[in-house]
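Undergrad: The primary structure of each chain is shown beneath.
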Amino acid sequence: MFSIALKMLFHDRAKYMGLVLGVAFSTLLINQQLGIFIGLITRAGAVIVDVPQADVWVMDPGVKNLDTIFPLRDTELGRVRGVPGVAWAVPLYKSNVTIRTGNGELESSLLMGVDDSTLIGLPPEVVLGNIDDLRRPDAVAVSMDGYRKIWRNEPLKLGNIAELNDRRAVVVAIVKDSPKFTSSITFFTRYSQALQYTNNGRNQMSFIVARSAEDSTPAEVAQNIVARTGLQAMSAEDFRWKAIMYVVQNTGIPISIGTVVALGVLVGIAVVGLMFNLFVLENLKQFAVLKAIGTTNIRLIGMVFLQAAVVGFVGFSLGLFGATMFFETAGKSPTFQGFYLPWYVAAASGGVAAAIIILAAMIAMRRVLFVDPAIVFRG
Amino acid sequence: MPMEFAVECKGVIKDFGTGSVRQRVLHGIDWQVPIGATTFLVGPSGCGKTTLISIIAGLLSATEGYVRILDQEITKMRRSRVVRFRADHLGYIFQQFNLLPSLTAVENAAVSLVVQGVTLATAKRQASVLLDRLGMESNKLKYPNQLSGGQQQRVAIARALVHNPKIVISDEPTASLDAETGHEVMELLGQVASGADRAVIVVTHDNRIFPFADYIATMSDGRIESFRKNSA
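So the sequence lines, in the order shown, correspond to chains A and B.
So in the working numbering the end of the first sequence lands on 529, straight run, no missing numbers.
So in the working numbering the end of the second sequence lands on 1503, straight run, no missing numbers.
In case anyone wonders, no lab produced these hints; they're calculated from the structure.
Just so you know, these numbers come straight off a predicted model, no measurement behind them.
There could be a bad hint or two in this list.
What the hints assert, rightly or not - Using C-beta positions, here's what the derived DEER-type ranges look like:
{"#": "1", "chain 1": "A", "residue 1": "Leu416", "chain 2": "B", "residue 2": "Gln1387", "range": "42 to 50 Å"}
{"#": "2", "chain 1": "A", "residue 1": "Pro492", "chain 2": "B", "residue 2": "Ser1332", "range": "51 to 59 Å"}
{"#": "3", "chain 1": "A", "residue 1": "Val417", "chain 2": "B", "residue 2": "Val1400", "range": "44 to 52 Å"}
{"#": "4", "chain 1": "B", "residue 1": "Tyr1337", "chain 2": "A", "residue 2": "Leu413", "range": "56 to 64 Å"}
{"#": "5", "chain 1": "B", "residue 1": "Pro1372", "chain 2": "A", "residue 2": "Pro492", "range": "39 to 47 Å"}
{"#": "6", "chain 1": "B", "residue 1": "Glu1275", "chain 2": "A", "residue 2": "Arg163", "range": "32 to 40 Å"}
{"#": "7", "chain 1": "A", "residue 1": "Ala459", "chain 2": "B", "residue 2": "Glu1275", "range": "28 to 36 Å"}
Unchecked claim - Just a sample of chain B residues kept apart from chain A, beta carbon distances all over 12 Å, derived:
{"#": "8", "residue": "Gly1329"}
{"#": "9", "residue": "Arg1357"}
{"#": "10", "residue": "Leu1391"}
{"#": "11", "residue": "Asp1442"}
Idealized CB from N, CA, C, for every residue including glycine.
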């Protein structure tokens, strides 16, 4: 009977394609939008991810995200270093600077000042250059995406000179950092050098980044720091989530993307539900014939579910392939770095596709179950 | 003791609707369909022929009375048992052929066996032999929309007979056919379906095929008015 069910399904190619495309469109939309959403909100914590050596972040008690910062006094560094469970602690500077590109245009860029002696705070992946050269005067490292934006069409090379707030900066290294929420250009330099670029004096630490000792957890160390210094401290993971949740709660991104995803699901349900219902309705007399001949209701249900399952599987596969191709193709653009299709989004969209198809099958199945086989004797 | 009747109806009443809109379509039908014969059920439109054969076929339930088919009281069977009984013992030929448009002629003819649980490949082999007997050798792989009315009806006959049913119920089998094809179809039906332990019930308006009947029952206004051996 199942081969007959499949022949019935494939016979009306237009309707079959319509059903498959309905599921595929819905799957594509859900995956594409949720992938972008995950990519966007992940950028909110990119600065934290780029300092993998530190597992505790310390900041002013009023700080709610990575962009609104109140500087700490230099003396706080010593106090944090004295808290039990802290293996080491270093300063981290973060500020926005204006740079002039090669063709004279102004761009906003992120300036990160890392610890002078250890250089902790630099992204681990160096694309070109020697990171120790950062100790030279006016030396900076630049993010790869930033380099491509400033020195368009130029091959990657060292020695280029940029103006940060009208001060000379020499590129001695090119690094691969995580895509940021606000700017794709990031410069890294020593903490002391960063203060010169921004004309600031003492007491300018944006954050203190620390490492918990082997016998302590980051959460315990953070609690100790709060208790002993009165500053705000949390584990790197907690801070990353705080930064992400700030974006979620204070921007229209979730509502905007959520609306598109909801529309994708609704369109999927409406299109697939209606078309599958129409498909069954048009084949109702065939089901009645099969019923009259002696096909049991269980077998008819099996036939309808098989038809729905095939539509769901083919449609979902097509939609997922489309979404994967989108991220694969668009991901090659520098401005689209960091966007990807997480496995759990694909799995969730599979669940949604299954729900759409089960709902459509259940609606259509009622007609099959209640069709009067005696209609076959009516003209 | 051998069966005398293929079908036996006793006091069969059928009402449609309830309360003030209730309409009685069959008024206590008493009728015995002989075995080993072709019986025609005739009468004007709306007299209840289709309702009666739907009840005999187990597709409708009677409001009152009983129907025995092949010595089994179908009106007392559970629904699932009726469905199984239909698949095993009954074959149907419909006025509109009701072939599945997505299946080829041989696949359509095989459906009754597939419903019984036979694999499609095996069913197609058996159906193919029957279609050959019905003169459809060169059309077995065609779809219904590629067949003439007469060819479609042959496929429908093959579907009704492929599982070797004891009773074939046929509703206006020649209504959509010209006189010549209609005669051909009735001859084929007579050859293939008739047998000492079988019965064919044909509902028809078509008096051109009356010579093919062994018995003729005439219905009027929900009642069997006459039942006689055909002398034509």
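Undergrad: Now, for every hint given, state plainly whether the structure supports it.
TA: Evaluation of the provided hints:
1. Restraint check, Leu416/A to Gln1387/B: a C-beta distance of roughly 43 Å satisfies the suggested window 42 to 50 Å.
2. Our hint of 51 to 59 Å for Pro492/A and Ser1332/B holds, since their Cβ atoms are close to 56 Å apart.
3. Hint check: Val417/A to Val1400/B, Cβ distance near 50 Å, so the stated range 44 to 52 Å holds.
4. Between Tyr1337/B and Leu413/A the Cβ separation comes to about 58 Å, which falls inside the hinted range of 56 to 64 Å.
5. Here the CB-CB span from Pro1372/B to Pro492/A is close to 45 Å, well matched to the stated 39 to 47 Å.
6. Between Glu1275/B and Arg163/A the beta carbon distance is about 53 Å. The supplied range of 32 to 40 Å is therefore violated.
7. At roughly 50 Å, the beta-carbon separation of Ala459/A and Glu1275/B lies outside the given 28 to 36 Å, and the hint is violated.
8. A cut-off of 12 Å between C-beta atoms contradicts the statement that Gly1329/B is not in contact with chain A; the least separation is 9 Å.
9. With a closest Cβ-Cβ approach of about 4 Å to chain A, Arg1357/B is found to fall inside the 12 Å limit, against its non-interface label.
10. With a closest Cβ-Cβ approach of about 5 Å to chain A, Leu1391/B is found to fall inside the 12 Å limit, against its non-interface label.
11. Its closest Cβ contact with chain A, about 5 Å, brings Asp1442/B to no more than 12 Å, contrary to its assignment away from the interface.
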